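Model the placement of chain B on the given structure of chain A, informed by the hints.
There are 2 protein chains.
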Amino acid sequence: MSGQFARLSLNTMTTKGWTLREAVEATAAAGLPAIGLWRDRVAEAGVDAAAKMVRDNGLRVSSLCRGGFLTGVDDEGAALDDNRRAIDEAATLGTPELVIVAGGIPDRDLPGARARLADRLARLVPYAAERDVRLALEPLHPMFCADRAVISTLAQALDLAAPHPARSVGVVVDTFHIWWDPNLAESVAAAGAAGRISAFQICDWLVPMTPDPLVSRGMMGDGVIDFGAIAALVRDAGYTGDVEVEIFNETVWATEGSTVLEVMKQRYRDLVAPALTG
Amino acid sequence: MSGQFARLSLNTMTTKGWTLREAVEATAAAGLPAIGLWRDRVAEAGVDAAAKMVRDNGLRVSSLCRGGFLTGVDDEGAALDDNRRAIDEAATLGTPELVIVAGGIPDRDLPGARARLADRLARLVPYAAERDVRLALEPLHPMFCADRAVISTLAQALDLAAPHPARSVGVVVDTFHIWWDPNLAESVAAAGAAGRISAFQICDWLVPMTPDPLVSRGMMGDGVIDFGAIAALVRDAGYTGDVEVEIFNETVWATEGSTVLEVMKQRYRDLVAPALTG
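So the sequences go chain by chain: A and B. Heads up: the first sequence runs through residues 1 to 278, numbered per full-length UniProt numbering. Heads up: the second sequence runs through residues 1 to 278, numbered per full-length UniProt numbering.
Don't read these hints as lab results, they were simulated from the structure. In this text the structure is predicted, and so the values were computed from the model without any measurement. Check before you lean on any hint, since a few could be wrong.
Have a look at the derived ranges for each label pair, beta carbon to beta carbon [to be verified]:
#: 1; chain 1: A; residue 1: R167; chain 2: B; residue 2: N183; range: 19 to 29 Å
#: 2; chain 1: A; residue 1: D270; chain 2: B; residue 2: P111; range: 20 to 30 Å
#: 3; chain 1: B; residue 1: P111; chain 2: A; residue 2: G238; range: 34 to 44 Å
#: 4; chain 1: A; residue 1: A78; chain 2: B; residue 2: A29; range: 50 to 60 Å
#: 5; chain 1: B; residue 1: E130; chain 2: A; residue 2: Q266; range: 47 to 57 Å
#: 6; chain 1: B; residue 1: P274; chain 2: A; residue 2: A254; range: 46 to 56 Å
#: 7; chain 1: A; residue 1: G94; chain 2: B; residue 2: A118; range: 40 to 50 Å
#: 8; chain 1: A; residue 1: D212; chain 2: B; residue 2: D132; range: 51 to 61 Å
#: 9; chain 1: B; residue 1: T277; chain 2: A; residue 2: A43; range: 50 to 60 Å
#: 10; chain 1: A; residue 1: G238; chain 2: B; residue 2: W253; range: 46 to 56 Å
#: 11; chain 1: A; residue 1: P126; chain 2: B; residue 2: A254; range: 32 to 42 Å
#: 12; chain 1: B; residue 1: Y127; chain 2: A; residue 2: Q266; range: 42 to 52 Å
#: 13; chain 1: B; residue 1: G112; chain 2: A; residue 2: T255; range: 46 to 56 Å
We put the beta carbon where it would ideally sit given N, CA and C, even for glycine.
Bound-form chain A, shown alone (with noise of 0.2 Å):
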């Protein structure tokens, strides 16, 4: 795969409808590179299948979404469990990068549920490190902060990666969830220089958000984000990877897979691409 999409990547969840088999079969006809799955559609296919299939259609998966959940009260063991079997299941894809988010809140002590995520996040490490698949912590808007993730920022992500190596603990940078931070830039040159940029994920920020705001993501161009000067940052952090478009959208899901592909691919070439290489 070369050109101008050999870093393109199609997660699943953009083109929702579509079982694996369609997503994967799909990619590849497309031209593209790698995919990015949800764990949700490996479990339809089983994950030997899955494997298999992805590995059959010449496709990289470019991460596995998602573990973590890491910050409640009561479920340790299961949330470790879930955990490690999301470990396994990348490994067994053959993808580096395990997307993991955090968590939210269950009851007010927002400090208490940042604390138990580090201490969960330190007893997953070394099960994920003998396995070389790296935890991907993804900052989610601060929008999400209590119901999903209490990861809002590159830097407290950075933050909560630094007593592990780079190797195993790395980070997410998401368009949607990180265009706004007035650190942005820093953060994300500080990421490419520890050497823990997990995985770049785009889709633009509509305005007027929708009224969920979880499927407010956008297709690059319909909204508000600077793509360009995003991926300028991630290319002058040193990052080579592939660049997986996750888009939560109702409207998008509605459409006919192969032409969200299509419009997938114009808008990466006009509005990201160019900057990678720039």
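Chain B in isolation, oriented as in the chain A frame:
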């Protein structure tokens, strides 16, 4: 005015259905010492009449909301004029604090919008200083970065304020906007050390959010914010000013104003006041 409500202020937006006179008289009757005013209510009454009304009822004005919206491309003159009028109004009302909501991004150029904001702020400072009015920069939650405020954190607001005297440019600590910030403790302490805490505004973060994030604010205790923890930070930062309850919420707005005032007093007494003096 003394006792447990000696620092509690009603922001007129919380009892949106009330005229200025209704809000002022109810605030005084409820034994509160202060009121936070929005300019629409002031305009309805006329600024001189509003000032007299507040004074005659023995209240002080904790802040005036709002100036700002200084990020536009084509409307610089009009925006500066409007802010000068807001400064004049604050001076007439006898409040030292004019809340500034920065404005969003008119295009995809976030650094450009921030640069225009800094330039225009600098142009307003002398005018404000001559009238003993402080421009109180309010970081808004990052979900409003595109359409309302390119200032998203206290640290960023403090950086913007830094070139100007502390008596002329301050920052607003609003629980709804900043509760998630991983650097909250450091930033509140820094704001206090710089003598720049202009206002402490409180309301809660509801889970789930309402479909319109603008009105997703809740009465203290109805959401997930730890008011005791944040009030303690503000106390430790040396802030001794008013605590203004500003709630944008359709259910609160549909509730009889006197009931809202009573609930607000109870929640303040139970959740906020102990930490302010503790």
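Hint check:
no. : hint                        : in the structure
1   : A:R167 x B:N183: 19 to 29 Å : holds (28 Å)
2   : A:D270 x B:P111: 20 to 30 Å : holds (21 Å)
3   : B:P111 x A:G238: 34 to 44 Å : violated (22 Å)
4   : A:A78 x B:A29: 50 to 60 Å   : holds (54 Å)
5   : B:E130 x A:Q266: 47 to 57 Å : holds (55 Å)
6   : B:P274 x A:A254: 46 to 56 Å : holds (51 Å)
7   : A:G94 x B:A118: 40 to 50 Å  : holds (48 Å)
8   : A:D212 x B:D132: 51 to 61 Å : violated (46 Å)
9   : B:T277 x A:A43: 50 to 60 Å  : holds (54 Å)
10  : A:G238 x B:W253: 46 to 56 Å : holds (51 Å)
11  : A:P126 x B:A254: 32 to 42 Å : violated (54 Å)
12  : B:Y127 x A:Q266: 42 to 52 Å : holds (49 Å)
13  : B:G112 x A:T255: 46 to 56 Å : violated (33 Å)
Hint check: violations occur at hints 3, 8, 11 and 13; the rest are consistent with the structure.
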